[in-house]
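**Student:** With chain A fixed as given, assemble chain B onto it according to the hints.
These are the residues of each chain, in order.
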Amino acid sequence: MQSDTDKRFARMQKTTGLHLAMETEETLQRLTEFPDNPVSMKYFYDLFHNLYKDGHSLPTAKKVIGTICLQVPDELIYAAGATPMRMCSGAYAYDQVGAEFLPAKSCPVVKATTGMLHLNQSLWGESMASVVVPTTCDQKKKSAEILKEMGYPVYILEMPSSKDSDDARFYWQESVKKFALDLQQITGTKITSSKLQDVIAEMAECSRLFRKLNELRRAKTPLIFGKDIFLVTSAYFVDDMASWRRAVRRLIAELEERNKNDLTITNRQAPRLLLTGSPPIFPNLKVPILVEQAGGIIVADEVCSSNRLLYDTVAYDETNLNDMVPALADRYLKPCTCPCLTPNTDRNRKLEEMVKSHRVEGVVYQAFSGCLPYEMEQKQISNTLTEAGIPMLYLETDYSSEDLGQLSTRIEAFIESIKARRRKN
Amino acid sequence: MSKALKSFRRAINNANLSRFRFYFQAASFVLLVYGGYLAINIGDQLPTFGCIFTEHRGGSCYLFGLQHQMATPWKSYLSGRGIGILVGLLTFFAFFIVFNKAWCGFACPLGTIQDWLTALRNRFKVRYGNYSEPVFQRLGKIKYILLALLILIPMGMGNSFFGLPKLNHDFGVPFCMICPGRTVLPLFSGDFSQLAIDLSSKTKMIFTALGLLITGIFLAGSFIKKRFFCLFCPMSAFHYIFAKAALLRLSKDGAKCTRCGNCYRACDVGIRAIADDLEHKNIVKDDCMMCFKCVEMCPEEGCLKVKFLGLPIYESTEEGFFKRMQGHNNAK
Chain A
1 MQSDTDKRFA
11 RMQKTTGLHL
21 AMETEETLQR
31 LTEFPDNPVS
41 MKYFYDLFHN
51 LYKDGHSLPT
61 AKKVIGTICL
71 QVPDELIYAA
81 GATPMRMCSG
91 AYAYDQVGAE
101 FLPAKSCPVV
111 KATTGMLHLN
121 QSLWGESMAS
131 VVVPTTCDQK
141 KKSAEILKEM
151 GYPVYILEMP
161 SSKDSDDARF
171 YWQESVKKFA
181 LDLQQITGTK
191 ITSSKLQDVI
201 AEMAECSRLF
211 RKLNELRRAK
221 TPLIFGKDIF
231 LVTSAYFVDD
241 MASWRRAVRR
251 LIAELEERNK
261 NDLTITNRQA
271 PRLLLTGSPP
281 IFPNLKVPIL
291 VEQAGGIIVA
301 DEVCSSNRLL
311 YDTVAYDETN
321 LNDMVPALAD
331 RYLKPCTCPC
341 LTPNTDRNRK
351 LEEMVKSHRV
361 EGVVYQAFSG
371 CLPYEMEQKQ
381 ISNTLTEAGI
391 PMLYLETDYS
401 SEDLGQLSTR
411 IEAFIESIKA
421 RRRKN
Chain B
1 MSKALKSFRR
11 AINNANLSRF
21 RFYFQAASFV
31 LLVYGGYLAI
41 NIGDQLPTFG
51 CIFTEHRGGS
61 CYLFGLQHQM
71 ATPWKSYLSG
81 RGIGILVGLL
91 TFFAFFIVFN
101 KAWCGFACPL
111 GTIQDWLTAL
121 RNRFKVRYGN
131 YSEPVFQRLG
141 KIKYILLALL
151 ILIPMGMGNS
161 FFGLPKLNHD
171 FGVPFCMICP
181 GRTVLPLFSG
191 DFSQLAIDLS
201 SKTKMIFTAL
211 GLLITGIFLA
221 GSFIKKRFFC
231 LFCPMSAFHY
241 IFAKAALLRL
251 SKDGAKCTRC
261 GNCYRACDVG
271 IRAIADDLEH
281 KNIVKDDCMM
291 CFKCVEMCPE
301 EGCLKVKFLG
311 LPIYESTEEG
321 FFKRMQGHNN
331 AK
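Just so you know, the sequences run in chain order A and B. Taking our numbering, the leading residue of the first sequence gets 1, the next gets one more, and so forth. Taking our numbering, the leading residue of the second sequence gets 1, the next gets one more, and so forth.
Here chain A stands alone, though its shape is the one from the complex (with noise of 0.2 angstroms):
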């Protein structure tokens, strides 16, 4: 006989997952009701379609390792002969479930992955062989214990708080190493330099298709929405790497030719903004897709689903796992502008050079309610643009749809008063 505690979590797995379904396709008609998509974008389209059709199964064979945050190095996890996939969820539905276990007030990443994580806990079960926690914010952190309890094979992978001393940079080189020496154990394959050497070429790849389609935002004319290169990055969370190259590649070839016959994807005086703060993952893509009715267009970008998760690359000068391996910790950190870090000025320097290579007129900055960090760094960010004179909306957001209504009339303010500015100019 099945307890009450059971009925209900069936229940629970039965609405969300329609509520999931529902949440996924009011989101792509919304991204695919634009004029002029791109036609190789139907490829992501489908992908998420299918994603979570009917249940949200992994959409892998092989053993999946769930990482937590963009700091785990991916590259580890291939060559010990198992795929990672990023767990982090922009689905309100799960964030729904999430709220059982964490604070009302908490971040919706988390809550949507602690929540995705628990309600599909006797589907993955099996596949999962970990799910590795880097110790970037509290919430993250805490988190892991709640998936710890939960039953998950969790991996704590410590992190410095800071990344500019030698010391914090040997430490969290340790922890690599000591994580590449973990996950032989957990996926049971050796990592070989040869193997790591193949693996890191392409994520290359992908990292140099990511920027190509990074410069052709840069065109006078604008080719691609920022919505479709939100949908593109948060595909590489679950996507098949060489698929994913492979589709990306037609996109890239798709623009390139639109470029060359100088084809718009919309006004060409379509005010240039630069999205920054909690990053957007699919199906939330709310402030994306608001940005770009409302008139705007989104060139570039610094979040840690899309600019951040994917612009660098390792550079290693040596072919052996004792320089290969510090030499992932080092992409892995060094770069990284992730508020959890402090000092954290690499950030303002990043958006200052964006806006300038980008051409950028406007920076939306979108806070998750909840993630303190960017609330915090709000100010920061803003006088650096102020200095620049470049305006900036804050949006403090969640997962659900309720503000959609305010959210799209500070929006199209913002617009509107960037095209004013012009005219004054």
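Treat the hints as calculated values from the structure; they're not laboratory data. Where hints are given, some of them may not hold.
Lysine to any residue pairs mimicking SDA-like chemistry, simulated, CA-CA at most 25 angstroms apart [stated by the list, open to error]:
hint	chain 1	residue 1	chain 2	residue 2
1	A	K62	A	S122
2	B	K323	A	S122
3	B	K141	A	D167
**Tutor:** For chain B alone, kept in the frame of chain A given last:
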């Protein structure tokens, strides 16, 4: 800029400079160690370690001449010998000013030997050693002490300091006595005579014994630590006095730097400022050997540039970086 020039520069920036450097170093090594066989000698005022103790050398290090000349009594500095000193210095300067510290990264035979030892270590998959930043800073001062000594000791031979007796002639060319170049480079032309302890006097015995000890440390040290000796090299310290005036430069655009640290990773000497210094444009530090591996490893467009007379000749590009990093691996 014309199309042809653009594509030419693109090809240069995509090039694997390290490979070029490897062959260039080998050629310089042959020239400096065996040049005599081909009747080539480019002089004895070189800003690099060709060694005077190598019989068929193609050129040799200025420090030998400098030490020799410093053993001059004060009053003779203003005579004809003073002109000799000046001419020596100017010749050195003329060589140096063109290539700056690239003499270390591209020409120095002792540096090349260290790079070969590094390649050997890599082949054996032995882990390399590194200094922590404070240790690096402290050890880095040694080269200035050596430089001061190699000037002051010979001066003490020709003159009396503070009424102390003059040093005897066994103190001649003190740095050469302890330099691994003197012991190691002649070996390449089959001359083992420098691997001996000179028992003719106490001073000579101490110097030559110290020289052998340092040779041992040099070989072991540079097997473990990349460019181990360069951190202590008084020639490198001497270079730095003139480096700001040199025509070949390494420059950095701090605004483009993401502080990803790739350059610091690649740096054989271990100069942290290359990654963390966002202010200075001229980024050649005293320990830099201008191998330009940092430029190769930099993924930001035009962040690091090698310039000659202000004109960029090799610079960091996204395309070049990915080409070099992916090497033969072609991800589909």
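**Student:** So, for every hint listed, does it hold in this structure?
**Tutor:** Hint check:
Simply put, K62/A and S122/A have alpha-carbon atoms about 17 angstroms apart, close enough for the 25 angstroms limit, and the pair holds. Annotation: proposed proximity of K323/B to S122/A is violated, straight-line Cα distance about 45 angstroms (limit 25 angstroms). Pair hint K141/B plus D167/A holds up; C-alpha atoms about 22 angstroms apart against a cutoff of 25 angstroms.
The structure fails hint 2 only (numbered hints given earlier).
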